[in-house]
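Visitor: For the record, the sequence lines run as chains Y and S.
Oh and the first sequence: position 277 is 834 in my numbering, straight run, nothing missing.
Oh and the second sequence: position 398 is 955 in my numbering, straight run, nothing missing.
It is worth saying that the hints were derived from the structure and are not from the lab.
Beta carbons are placed, not taken as given, at the ideal position from N, Cα and C, and that holds for glycine.
Incorrect hints may have been included.
[As the list claims (entries may be wrong)] Computed cross-link-like contacts, DMTMM-like style, restricted to lysine to aspartate or glutamate with a CA-CA straight-line distance of at most 20 Å:
| no. | chain 1 | residue 1 | chain 2 | residue 2 |
| --- | --- | --- | --- | --- |
| 1 | S | LYS938 | Y | GLU963 |
| 2 | Y | LYS871 | S | ASP969 |
| 3 | S | LYS870 | Y | GLU963 |
| 4 | S | LYS578 | Y | GLU994 |
| 5 | Y | LYS871 | S | GLU993 |
| 6 | Y | LYS840 | S | GLU947 |
| 7 | Y | LYS870 | S | ASP969 |
| 8 | S | LYS911 | S | GLU947 |
| 9 | Y | LYS642 | Y | GLU629 |
[What the hints assert, rightly or not] For the chain Y half of the interface with chain S, some residues (derived, Cβ under 8 Å), not all of them:
| no. | residue |
| --- | --- |
| 10 | ASP614 |
| 11 | VAL656 |
| 12 | LEU657 |
| 13 | ALA951 |
[Stated by the list, open to error] A few chain S residues that don't get close to chain Y, going by computed Cβ distances all over 10 Å:
| no. | residue |
| --- | --- |
| 14 | ASN643 |
| 15 | LYS884 |
| 16 | GLU913 |
Protein chains: 2
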Amino acid sequence: MKVVIVGGGAGGISTASNIRKLDENIEITVITRDNKVAYSPCAIPYVLSGDIESFDDIVMRTPEDYKKKNIEIIIESEVTAVDSKNKTVTYEKDGNETVLNYDKLVLSTGGNPFIPPMEGVDLDGVFRIRNIDDGIKVNEAIKNAKSAIVTGAGLIGIEIAFALKKRGLNVILSEMLPQIVPRSLDKDMSDILVKYLEMEGIDVVLGKPITKLIGEGKVEKACFGDDDYYDADLVIMATGVRPELKLAEMAGCEIGRWAILVTDRMETSVKDIYAVGDCVESKDLILGSNTISQLGTTAVRQSKTLARTICDKKSRFNPVLNSMVSKVGKLEFGAVGYTTSFAQQNRIRPVVQKVEALTRARYYPNAKPMDIKVICDGNGKIIGCQIIAEERVAERIDTMTLAITEGLTCFDLSNMEFAYAPPVSMVTDPLILAVEEVSKKFN
Amino acid sequence: MKVVIVGGGAGGISTASNIRKLDENIEITVITRDNKVAYSPCAIPYVLSGDIESFDDIVMRTPEDYKKKNIEIIIESEVTAVDSKNKTVTYEKDGNETVLNYDKLVLSTGGNPFIPPMEGVDLDGVFRIRNIDDGIKVNEAIKNAKSAIVTGAGLIGIEIAFALKKRGLNVILSEMLPQIVPRSLDKDMSDILVKYLEMEGIDVVLGKPITKLIGEGKVEKACFGDDDYYDADLVIMATGVRPELKLAEMAGCEIGRWAILVTDRMETSVKDIYAVGDCVESKDLILGSNTISQLGTTAVRQSKTLARTICDKKSRFNPVLNSMVSKVGKLEFGAVGYTTSFAQQNRIRPVVQKVEALTRARYYPNAKPMDIKVICDGNGKIIGCQIIAEERVAERIDTMTLAITEGLTCFDLSNMEFAYAPPVSMVTDPLILAVEEVSKKFN
């Protein structure tokens, strides 16, 4: 059997590795535009910040490493056509076209940065961050820059703004919505983060879109709203990623509201064509509707299911909660499930409680504040959680992910056993405090 | 209504506070032997180590604070009799006897350190650590001591051995069983901890009980086995705690294999007498049999149920998994559920996997090794987990506690979503690596 994989990101390359773990004989070919594979794009901001020494560190494996596993990687190549009748793909490399047959085709085409249509986005000094080469270019540009504007205050935007500040630039983080991390955090929680970023010297501009970028060949200023001008030697567009669907459309795969539709075995609507990663839709665990989960972990998990599907083994990709975590400077923040406003938009009447707790026993040195918000539906079922603290956030998000996945109510979780020792937790865990408090609202 | 509570530890004092939160009028009296209430005994080793500055820091509230909440605390008093027919308790304070009527009686009598019968245990310099006064005495003794032996390598024993080492003493940690933390860790996991303790300069002596203590008035040497003598200016008996049952027996409460039998509403077999904390038996979540859960968190959680029971509100104390965590020096270790050998003793054929992972992305600075062991039953149902690392152990234990509580298999958990960011986790969480590996044993 011959499997051709389009895309060398987390979804594509993990699918290749996972198939190989299950089967030694399947022919596997990965075609990628990139010149590198098996690196962690989530790590790019941390290289820019200097926390990770070099871009080389975040490249886990080379195409040669895959060669040894009998996986062929064709780099710097663009797949230009898919013919699902004759089961071929056509790719272009160095100006030459090659046609490959496939038995199974995997579309792991990822997404393209969404750049809002705007005057000046093509000026020098305006960057997007999607792959390691983008990172390398920004890293060079930093050396001659004094000021930067990062627009789009999702995770990547925040992480990059923080990195640029750490490198000594004057940094504005701008977001057209009235809050940062709008997909994952409620405004009051995101405000804690804003306060921290401002304390670190980053200017946060909310609710005002950039309307144009101005400069002579190279960007010099950005205009916010009608006539607010700010200097910028460097502009980073962190305005989200749109699924890349061209090949899927060409192949006749059914497309949903945002991306390729797949079964829970990662099959598209076209026989022998599969898809994973940023270019597919997932099921939302709470409402069962379709959603989009553009996370590295989602791609990796989907690739495990897909490898089993291709090797004729049982596996199912479960609905998602889009659990996330990040760390900027000292502050770790994470979230899972619905925000208050997302719940409301979906006709759930959320019952919400925010509590302030500590990361260790009150009397233990270096106990840090922990802000936790829990969101329940009208029956007390937990549907969301957001946490900000200097430590121990990620794993609590995981505990809440499991609680939501299992359909637990705040009453159920209130009774749960938690491990305790003064240096690592409170005698009543912050999560328990939060669910106990929200439970009271149901009395 | 008049509630009398015997015992001012975590169970007793929390019951008092929780009743008061639910009802302003109930008369509440707590009688305790101690001269302090509302302190954290789990914190004593960390005061001895110097991590917490003074014993005053770990006392959260005084009897006067409780007075303000209309809770009467009678300190330094011994309850000498319970009459469950006439509903009275008799206590002795300063040589005077007083008889109190009760409507509801709470026995939170805790436990007494178990001191094995042995020559020399009454010598000066031999201590047990149960309350804050014990801590203060040891703290004084440390100042004139050069060498110490801590016997009993459960959590408290290890924490105290570490504290004494940090204070500059030569320390031997001795355990008559062939491993440390035998209740919670498998031998191979406990060996990681032994290696760390030895690296920190503690001598660990396993499988050899202390047979006698020798000295002229004051302890000078301990004899291990037949004729192995070690110097010791200080000996700490950390050989466990036996439930204090005298009053329960006097009142006619039914006693189980180890402790007072209670319902899931914390009722004893005698009407209007309730019990919580180290002196009661709990249900084991996995087998449903009785067990004993002498943890501060268990006492606190039981007290919440008991307060609701007394105030005629619904609540149920759930079966336990005895999830635990501790931290000595840099190393955090935790466990939940059954060890391999405990499973075997209970006729479960355990399927076990140990993995080594990292606490952060491989390329991220300060990624630390994390050792995880997962224990499943013959059907893949998770029944235990043990984790050792320099960070992020406690919350992963909590995630596993929830997984076991919900009856998840290793296959279920393999599919779970985990939050990821390079500074705080691996793209595939260590827990997922562990359950994926153990899952393979079922193929």
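Visitor: If a hint holds in the structure, say so; if it does not, say that too.
Guide: Hints, verified against the model:
The straight-line distance between the Cα atoms of LYS938 of chain S and GLU963 of chain Y is roughly 15 Å, inside the 20 Å bound, and the hint therefore holds. Simply put, LYS871 of chain Y and ASP969 of chain S have alpha-carbon atoms about 13 Å apart, close enough for the 20 Å limit, and the pair holds. For the given pair, LYS870 of chain S sits about 26 Å from GLU963 of chain Y by alpha-carbon distance, which is inconsistent with the 20 Å threshold. Under the criterion of a C-alpha separation no larger than 20 Å, the hint pairing LYS578 of chain S with GLU994 of chain Y is consistent with the structure, at around 13 Å.
Proximity of LYS871 of chain Y to GLU993 of chain S is assessed by CA-CA distance (about 15 Å); at most 20 Å being required, the pair is judged to hold. At roughly 36 Å between alpha-carbon atoms, LYS840 of chain Y and GLU947 of chain S are farther apart than 20 Å, so this suggested pair is violated. Straight-line distance between C-alpha atoms of LYS870 of chain Y and ASP969 of chain S comes to about 16 Å, which keeps the hinted pair within the 20 Å bound. Between the alpha carbons of LYS911 of chain S and GLU947 of chain S the distance comes to roughly 17 Å, so the proposed pair stays at or under 20 Å and holds.
Pair hint LYS642 of chain Y plus GLU629 of chain Y does not hold up; C-alpha atoms about 24 Å apart against a cutoff of 20 Å. The beta carbon of ASP614 of chain Y comes within 4 Å of a beta carbon in chain S, closer than 8 Å, and the hint placing it at the interface holds. Checking VAL656 of chain Y against chain S by beta carbon gives a least distance of about 34 Å; that is not within 8 Å, so the hint is violated. The interface hint given for LEU657 of chain Y is broken, as the beta carbon of that residue sits about 29 Å from the closest beta carbon of chain S, more than 8 Å.
At about 4 Å, the closest approach between the beta carbon of ALA951 of chain Y and any beta carbon in chain S falls short of 8 Å, and the interface hint on this residue holds. For ASN643 of chain S, the requirement that its beta carbon stay farther than 10 Å from each beta carbon of chain Y is met, with the minimum near 36 Å. A Cβ of chain Y approaches the Cβ of LYS884 of chain S within 10 Å, the least distance being about 4 Å, so the stated non-interface status is violated. At roughly 18 Å from the closest C-beta of chain Y, the C-beta of GLU913 of chain S stays outside 10 Å, upholding its exclusion from the interface.
Hint compliance for this structure: hints 3, 6, 9, 11, 12 and 15 are broken, all remaining hints hold.
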